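Q: Spelled out, the chains give:
There are 2 protein chains.
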Amino acid sequence: MPAPPPDIAALLAARDTPRVWSLLVSLFGDVAQSPDARLSGAALGRMTEPFGVKPEALRVSLHRLRKDGWIESTREGRRGFYRLTETGHRESRRASPRIYSGTALAEEAFVLLWDPSATPPDALTSAAVTLSATSALSPRPAEDAGVLSLLLAPSEPVPAWIRAKVCPKALVEQSRALLTLLEAVAAWRAATAEHQNASASAVARLLVLHEWRRLVLRQPTLPDFVFPKGWQGPACRARARALLASLPRLTPKQIEALGSLC
Amino acid sequence: MPAPPPDIAALLAARDTPRVWSLLVSLFGDVAQSPDARLSGAALGRMTEPFGVKPEALRVSLHRLRKDGWIESTREGRRGFYRLTETGHRESRRASPRIYSGTALAEEAFVLLWDPSATPPDALTSAAVTLSATSALSPRPAEDAGVLSLLLAPSEPVPAWIRAKVCPKALVEQSRALLTLLEAVAAWRAATAEHQNASASAVARLLVLHEWRRLVLRQPTLPDFVFPKGWQGPACRARARALLASLPRLTPKQIEALGSLC
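These protein sequences, in sequence, are chains A and B.
Going by the working numbering, the first sequence runs without a break in its numbering and finishes at 266.
Going by the working numbering, the second sequence runs without a break in its numbering and finishes at 266.
Hint data in this document are derived by calculation from the structure and do not stem from the laboratory.
Treat the hints with care, as some may be off.
[Claimed, not checked] Pair by pair, the computed Cβ-Cβ distance ranges are:
no., chain 1, residue 1, chain 2, residue 2, range
1, A, Gln200, B, Gly150, 47 to 53 Å
2, A, Leu155, B, Arg19, 45 to 51 Å
3, A, Arg94, B, Gly234, 47 to 53 Å
4, B, Arg180, A, Leu155, 30 to 36 Å
5, B, Glu90, A, Phe229, 49 to 55 Å
6, A, Gly234, B, Asp228, 42 to 48 Å
7, B, Gly150, A, Ser121, 36 to 42 Å
8, A, Pro238, B, Arg180, 35 to 41 Å
9, A, Ala168, B, Ala99, 25 to 31 Å
10, A, Glu147, B, Ala249, 16 to 22 Å
11, B, Pro161, A, Ala168, 41 to 47 Å
12, A, Pro238, B, Gly150, 46 to 52 Å
13, B, Ala191, A, Phe229, 53 to 59 Å
Please read these numbers as outputs of a predicted model, since none were measured by experiment.
Virtual Cβ for every residue (Gly too), placed ideally from N, Cα, C.
Could you build the full structure based on these sequences and the hints that come with them?
A: Laid out in structure tokens, this is it:
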């Protein structure tokens, strides 16, 4: 008999507590993107407590996010509410396609090569991965006619040193660990589909979303075929997408109504 | 009425005297590639005199070529004879395809990119043009799997700085000057085709061959589409080939029988 799939509380207990401000950014970005959406401090506490977040750490992070202009707070009697600022909304919207897209971040890779005696081109935005002092790998050809832009065909053998520049070993490891986690969540989901409670589903969704977001925002915007062997990004993307589709996104009102998971 | 085409003696008189040893290498490579071919000092004098070569300069150059192991000499009574050594034969044979071919030196160009933290690959022979500390342009892909080799399609826009690395301005200038010279020789050939003397033809052939050889041995082995605008290599190749076909290659015996041009 196979071991029973772990429940979400046990999965979370076995993990390190995430950075609280980052977990909150994941949560707000998922459920509070409409302009008037807000979450109470109490609801935030219930959603983050299963991750190991202590009330004091939550307060500190909320303070930090407010100071950074990401969220703003209001009070109603003794209850505090938090919502995204305009900046927070904009940044969340900007990250959304990357996080929720079911397709690869890029389909094409271009090798850019510029004049060693010239300054690197402005066009080399954060999307490009530096290969050397005079070359980079980018999802787009350079606009500057002084830069040679060569399409890297998917059939081209990509040397290991280029793959390593695209994605360092630590990120490959993170993708492997994430795949293991997502498979555990999927097993739990499959085993408990009929009698899941809403709190567990909401926390599971936040776990999947947050961990996937941490990977996808770190990985360069380049097609999967330039990544190192062992990179589990595409498998993680497929798993995360399937889980996010099966674990419904709650409205702020529904979040408020949830009981405690623990 | 158009100006009459200059004769070969006048064309040569208007030019600087070439490096004598290099002119001799051109001549031996053209007429003395068979193992037992030899040329007398007197015949070498008659062939090089129209280029402005003085007897003393000829002696010095023959001495140098002998010292370098390129030619060897024998005497028959008071006459000295010169022929290619085994080394001279080998080097002449090696340069021949490049000089006499009617087609471009290369059809394809590959951008090679290697790991900045690794040593440059051995495979980067003299055929490749260095683009930066970690990249080169080569007529062949690298054999080393650690080097990214990307085909540069002829349709690809090639930045000016790459064209300049492939062929410096001085070489572009040389190709322009050569084209002007070859056109003058072709005009002379067309105007005098029916009453040319053998000496003038032989000297004209040596002039065409030597000047074309100087260009083609300097240019990198890369397809014409990566050269700078203004590069006249392809036009020179076509002209030189047509002239070499119409100005017959003489045997050493025929060279000996020639009279003086001047």
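Q: Now look at each hint and say whether the structure bears it out.
A: How the hints compare with the structure:
{"no.": "1", "hint": "A:Gln200 x B:Gly150: 47 to 53 Å", "verdict": "holds (50 Å)"}
{"no.": "2", "hint": "A:Leu155 x B:Arg19: 45 to 51 Å", "verdict": "holds (47 Å)"}
{"no.": "3", "hint": "A:Arg94 x B:Gly234: 47 to 53 Å", "verdict": "holds (51 Å)"}
{"no.": "4", "hint": "B:Arg180 x A:Leu155: 30 to 36 Å", "verdict": "holds (34 Å)"}
{"no.": "5", "hint": "B:Glu90 x A:Phe229: 49 to 55 Å", "verdict": "holds (52 Å)"}
{"no.": "6", "hint": "A:Gly234 x B:Asp228: 42 to 48 Å", "verdict": "holds (43 Å)"}
{"no.": "7", "hint": "B:Gly150 x A:Ser121: 36 to 42 Å", "verdict": "violated (26 Å)"}
{"no.": "8", "hint": "A:Pro238 x B:Arg180: 35 to 41 Å", "verdict": "violated (54 Å)"}
{"no.": "9", "hint": "A:Ala168 x B:Ala99: 25 to 31 Å", "verdict": "violated (43 Å)"}
{"no.": "10", "hint": "A:Glu147 x B:Ala249: 16 to 22 Å", "verdict": "violated (48 Å)"}
{"no.": "11", "hint": "B:Pro161 x A:Ala168: 41 to 47 Å", "verdict": "violated (30 Å)"}
{"no.": "12", "hint": "A:Pro238 x B:Gly150: 46 to 52 Å", "verdict": "violated (25 Å)"}
{"no.": "13", "hint": "B:Ala191 x A:Phe229: 53 to 59 Å", "verdict": "holds (57 Å)"}
Hints 7, 8, 9, 10, 11 and 12, counting from the list given before, are not met by this structure.
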